[in-house]
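A.B. asks: Below are the chains, spelled out letter by letter.
There are 2 protein chains.
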Amino acid sequence: MTNQTLKLRRIGIDTYHENVAYLHRECAIYRAEGFQALSKIKIGANGNKILAVLNVVDDDSIVTPMELGLSEQAYTQLNANETSLISVDHAERPASMDAVRRKINGERLILEDFVAITQDIAESRYSKMEMAAFLVSSGQNSLDRDEVYFLTKAMLQSGQRLNWSESLVADKHCIGGIPGNRTSMLVVPIVAAHGMLIPKTSSRAITSPAGTADTMEILSEVNLPPDKLHDIIREHRGCLAWGGTARLAPVDDMLISVERPLGIDSQGQMVASILSKKLAAGSTHLLIDIPVGPTAKVRHMRQALALRKLFEFVGDQLNIHLEVIITDGRQPIGNGVGPTLEARDVMMVLENNPKAPEDLRQKSLELAGRVIEFDPDVRGGRGYAIARDILDAGRALDKMNAIIQAQGAITIDFTPGKHCFEVKAHNSGIITAIDNLQIAKIARIAGAPIDKKAGVDLIHKTGYTVTEGDIIYRIYAEFMSDFTFAKNLVTQNNGYTINTINPSP
Amino acid sequence: MTNQTLKLRRIGIDTYHENVAYLHRECAIYRAEGFQALSKIKIGANGNKILAVLNVVDDDSIVTPMELGLSEQAYTQLNANETSLISVDHAERPASMDAVRRKINGERLILEDFVAITQDIAESRYSKMEMAAFLVSSGQNSLDRDEVYFLTKAMLQSGQRLNWSESLVADKHCIGGIPGNRTSMLVVPIVAAHGMLIPKTSSRAITSPAGTADTMEILSEVNLPPDKLHDIIREHRGCLAWGGTARLAPVDDMLISVERPLGIDSQGQMVASILSKKLAAGSTHLLIDIPVGPTAKVRHMRQALALRKLFEFVGDQLNIHLEVIITDGRQPIGNGVGPTLEARDVMMVLENNPKAPEDLRQKSLELAGRVIEFDPDVRGGRGYAIARDILDAGRALDKMNAIIQAQGAITIDFTPGKHCFEVKAHNSGIITAIDNLQIAKIARIAGAPIDKKAGVDLIHKTGYTVTEGDIIYRIYAEFMSDFTFAKNLVTQNNGYTINTINPSP
Numbered sequence: 386m387t388n389q390t391l392k393l394r395r396i397g398i399d400t401y402h403e404n405v406a407y408l409h410r411e412c413a414i415y416r417a418e419g420f421q422a423l424s425k426i427k428i429g430a431n432g433n434k435i436l437a438v439l440n441v442v443d444d445d446s447i448v449t450p451m452e453l454g455l456s457e458q459a460y461t462q463l464n465a466n467e468t469s470l471i472s473v474d475h476a477e478r479p480a481s482m483d484a485v486r487r488k489i490n491g492e493r494l495i496l497e498d499f500v501a502i503t504q505d506i507a508e509s510r511y512s513k514m515e516m517a518a519f520l521v522s523s524g525q526n527s528l529d530r531d532e533v534y535f536l537t538k539a540m541l542q543s544g545q546r547l548n549w550s551e552s553l554v555a556d557k558h559c560i561g562g563i564p565g566n567r568t569s570m571l572v573v574p575i576v577a578a579h580g581m582l583i584p585k586t587s588s589r590a591i592t593s594p595a596g597t598a599d600t601m602e603i604l605s606e607v608n609l610p611p612d613k614l615h616d617i618i619r620e621h622r623g624c625l626a627w628g629g630t631a632r633l634a635p636v637d638d639m640l641i642s643v644e645r646p647l648g649i650d651s652q653g654q655m656v657a658s659i660l661s662k663k664l665a666a667g668s669t670h671l672l673i674d675i676p677v678g679p680t681a682k683v684r685h686m687r688q689a690l691a692l693r694k695l696f697e698f699v700g701d702q703l704n705i706h707l708e709v710i711i712t713d714g715r716q717p718i719g720n721g722v723g724p725t726l727e728a729r730d731v732m733m734v735l736e737n738n739p740k741a742p743e744d745l746r747q748k749s750l751e752l753a754g755r756v757i758e759f760d761p762d763v764r765g766g767r768g769y770a771i772a773r774d775i776l777d778a779g780r781a782l783d784k785m786n787a788i789i790q791a792q793g794a795i796t797i798d799f800t801p802g803k804h805c806f807e808v809k810a811h812n813s814g815i816i817t818a819i820d821n822l823q824i825a826k827i828a829r830i831a832g833a834p835i836d837k838k839a840g841v842d843l844i845h846k847t848g849y850t851v852t853e854g855d856i857i858y859r860i861y862a863e864f865m866s867d868f869t870f871a872k873n874l875v876t877q878n879n880g881y882t883i884n885t886i887n888p889s890p
Numbered sequence: 386m387t388n389q390t391l392k393l394r395r396i397g398i399d400t401y402h403e404n405v406a407y408l409h410r411e412c413a414i415y416r417a418e419g420f421q422a423l424s425k426i427k428i429g430a431n432g433n434k435i436l437a438v439l440n441v442v443d444d445d446s447i448v449t450p451m452e453l454g455l456s457e458q459a460y461t462q463l464n465a466n467e468t469s470l471i472s473v474d475h476a477e478r479p480a481s482m483d484a485v486r487r488k489i490n491g492e493r494l495i496l497e498d499f500v501a502i503t504q505d506i507a508e509s510r511y512s513k514m515e516m517a518a519f520l521v522s523s524g525q526n527s528l529d530r531d532e533v534y535f536l537t538k539a540m541l542q543s544g545q546r547l548n549w550s551e552s553l554v555a556d557k558h559c560i561g562g563i564p565g566n567r568t569s570m571l572v573v574p575i576v577a578a579h580g581m582l583i584p585k586t587s588s589r590a591i592t593s594p595a596g597t598a599d600t601m602e603i604l605s606e607v608n609l610p611p612d613k614l615h616d617i618i619r620e621h622r623g624c625l626a627w628g629g630t631a632r633l634a635p636v637d638d639m640l641i642s643v644e645r646p647l648g649i650d651s652q653g654q655m656v657a658s659i660l661s662k663k664l665a666a667g668s669t670h671l672l673i674d675i676p677v678g679p680t681a682k683v684r685h686m687r688q689a690l691a692l693r694k695l696f697e698f699v700g701d702q703l704n705i706h707l708e709v710i711i712t713d714g715r716q717p718i719g720n721g722v723g724p725t726l727e728a729r730d731v732m733m734v735l736e737n738n739p740k741a742p743e744d745l746r747q748k749s750l751e752l753a754g755r756v757i758e759f760d761p762d763v764r765g766g767r768g769y770a771i772a773r774d775i776l777d778a779g780r781a782l783d784k785m786n787a788i789i790q791a792q793g794a795i796t797i798d799f800t801p802g803k804h805c806f807e808v809k810a811h812n813s814g815i816i817t818a819i820d821n822l823q824i825a826k827i828a829r830i831a832g833a834p835i836d837k838k839a840g841v842d843l844i845h846k847t848g849y850t851v852t853e854g855d856i857i858y859r860i861y862a863e864f865m866s867d868f869t870f871a872k873n874l875v876t877q878n879n880g881y882t883i884n885t886i887n888p889s890p
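Line by line, the protein sequences give chains A and B. This note's numbering applies: residue 386 is where the first sequence begins, and numbers increase by one. This note's numbering applies: residue 386 is where the second sequence begins, and numbers increase by one.
Careful: at least some of the hints might be erroneous.
Calculated cross-link-like contacts (lysine-lysine; reagent style DSS-like; alpha-carbon spacing at most 27 Å) [said to hold, decoys possible]: (1) Lys872(B) to Lys427(A); (2) Lys826(A) to Lys872(B); (3) Lys513(B) to Lys872(A); (4) Lys809(A) to Lys826(A); (5) Lys872(A) to Lys846(B); (6) Lys803(B) to Lys846(B); (7) Lys434(A) to Lys846(B); (8) Lys803(A) to Lys872(A); (9) Lys513(B) to Lys513(A).
It is worth saying that the hints were derived from the structure and are not from the lab. Please read all numbers here as calculations on a predicted model, not as lab measurements.
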């Protein structure tokens, strides 16, 4: 049902990952087609086609009955202009929803089903609701390990795949959940200084107070065109840029945009997400970090072990050399939480500053050492010492500075937010626990990661003995409203457990 | 985090069941809060609060940085005006999503969980994605019969409940899926003419070519204020109006708006949906019609029996007298499919026109008879004869005319759409099957129910012997584009199976 009389109009509304189309209620095509508000329609122009959710407009100043309005994203995606011939039609329901319905019924899906589903998602045929249906149906333990392998393979096929033409392309990945855990910004320069290729692209924070891309942005540009990124990696053996420009495993990003707001966490989906991204980036060797602790993503060692086995099984099927390291996730790593404060910590470690957080240094050396041991010329067990020598000799700092220059240096300013609140110990005793979730929440409410200078700076961590009234951490914020809200949150729960020391009898 | 400087603005965009808020990208509060496009925000004014999905605007003519725009529905729901003090905040994730996550993990939920979920849904705290997660997690066989009872009870509690102060308040309900099956418009006048109270409210079509409300709209007004509806029912013992104004079991409508586009069909959800609506409407006695056939919703007798048991179990728990009748769903009922054509069929039956479709008449009499037998004064088995006498004597027609007058008569015009296409038999033989799904699809594509005169008019049905080239049905449409599309669809598959008769040896 083509209609050539509608004129395209770009509507200045940002609808993020969801295309929205605007038709006037008096528009002839809207009336004829029997579209409903929120139903999905198919729009074609110049041989391109997109799918969009329909909003019905009653205001001529937004669209007239002779126009088809498209939100920013939809307009860009359609790649047409105001003189293009436009067709509007009912969107067919994606055929692969049949497989999703079979999964809802408890059936086991095969590779072809997962390929059909990821293709339909990649081509924007799924609504957010339909993606939620797929995620829930394949959530928790409802995917067996073969299905996780099929899903990973299908997601890998949904986008392009880089080939570095080298036999050893390393990467590291942490499953997340620990504030301040900015080890990638140390592992990459150390490993690259060793001469190993580590083309790590980073993500921005979604639910955490900072991602590696947010933090690196304090030191250099991170939004680089794929070609430039490629040249930097070739020359410097590593990079610390945002991965969003590369369009690797695009289905993963789309599923994450639904999974996160729902707060559903499926091990199978996580394994498929991580491995498809890394394989698409051309990695041949991968180190996975699983922190375990009572407020970490993985709370018990038995869960960590089950997750390790799943990573290993799928990794073996897809022919990637994969090692899993289970680390201490009982408290934040480093002192700063939030982009500016975390960047400061990283630079202090690289500069061998004696005030640098020792836990961040040690964990980074351990991870870097394990990555270096992927090198067949390195004897098992020697990686840590090689990494330490590289860091101590300043070669990691030199490499970091080279990467910063290559990506585009910016004026560095480690001054935190102008509003500062000192959180003090309620009682004397030993700090026995720091709640990762609460510290992350306080840093976010204070404005991180949008306000780069906002966050939390930890003064004392577990094992330290404090006296009542000692400052345990500081909160920084740029905006008064955020600052007030963060202070209120801290008075409810500051995230610290301090056990009073009983005098010996 | 309240901000009193934003001015409210009504945006002429219809976003159906989903509230949308529009903030300018340069708006201070948008920047400070770190909202993301598509995230959910809480808006307060004059003590009211609503939740809305955020769209970010780059066009000052839609909203300025000093304004908060709201879509039509959101503006109406907030019930504020341009001088109200507005607060904007992050929406907390609904607490009951924890129960949904437990259900995803395969746990059994208790009554309190379902109450918390339905309350959060009723107060618009769930996004479409979250509703999809709930529906999928409780889909198919994952609710046991106690959980279906809990869900029904919780949905019933989510809205108001009518009380007619009579000991026998009857209703009938068909689970749907059969085109032309407009029996309610015959059962209501027959039963009301018998003197029994039958306050049936009707729905509009969502995925079918006509609902009872769409069809009744050919004869009278159907959008009536609740007070007027109540008066009509009191005086005439029945009505045939649209139920949307009554706000009974509102959670049901919200779940349906997600369930339908997903195409997921859960028996537990269906039973809870139907029974909560009927109990909210004050029914004490209910007849459920389950059509069975290869292209009906229920395809096998064993499924129909399992569904009957589930209806009976939940009905008994909630103290409603419930009977289930399993009927023939192997082909459409009546001749017309589409509002005008179905209204014509109904009036022909009421007028005892010899050309009236006999199957519609017989099925309606059977259902009306069963409802009449709810009357303790009627001897078991006598209902059908009472119903037939009422219809034959013209008392049902009189009752229908009284209801039409009471609801507001309009000029009746049974002329179908101006474009007509005759579908002819491809071969000679006996019509052995008519595909309900295909006939419904053709009628919808032709324009029904939005274009009331569009639809399909069946000439011959199963069991009839046709000669090649005989007209088997006609398609009517008002708009040329719809007409062309419907004709194309019919050439692919006309929905009829005609078996050639082999000459006897």
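A.B. asks: Are the hints correct? Go through all of them and say.
C.D. replies: Quick rundown of the hints versus the structure:
A hinted pair counts as satisfied when its Cα atoms are at most 27 Å apart, and Lys872(B) with Lys427(A) qualifies at roughly 21 Å. With a C-alpha separation of about 59 Å, the suggested pairing of Lys826(A) with Lys872(B) is violated against the 27 Å cut-off. For the hint linking Lys513(B) to Lys872(A), the alpha-carbon distance of about 33 Å lies beyond 27 Å, and the restraint is violated. Pair hint Lys809(A) plus Lys826(A) holds up; C-alpha atoms about 18 Å apart against a cutoff of 27 Å.
Simply put, Lys872(A) and Lys846(B) have alpha-carbon atoms about 74 Å apart, too far for the 27 Å limit, and the pair is violated. As the CA atoms of Lys803(B) and Lys846(B) are separated by approximately 24 Å, the hinted pair is consistent with the 27 Å bound. About 41 Å separates the Cα atoms of Lys434(A) and Lys846(B), which puts this hinted pair outside 27 Å; it is violated. For the hint linking Lys803(A) to Lys872(A), the alpha-carbon distance of about 14 Å falls within 27 Å, and the restraint holds.
Simply put, Lys513(B) and Lys513(A) have alpha-carbon atoms about 8 Å apart, close enough for the 27 Å limit, and the pair holds.
Violated hints for the displayed structure, listed by number in ascending order: 2, 3, 5 and 7.
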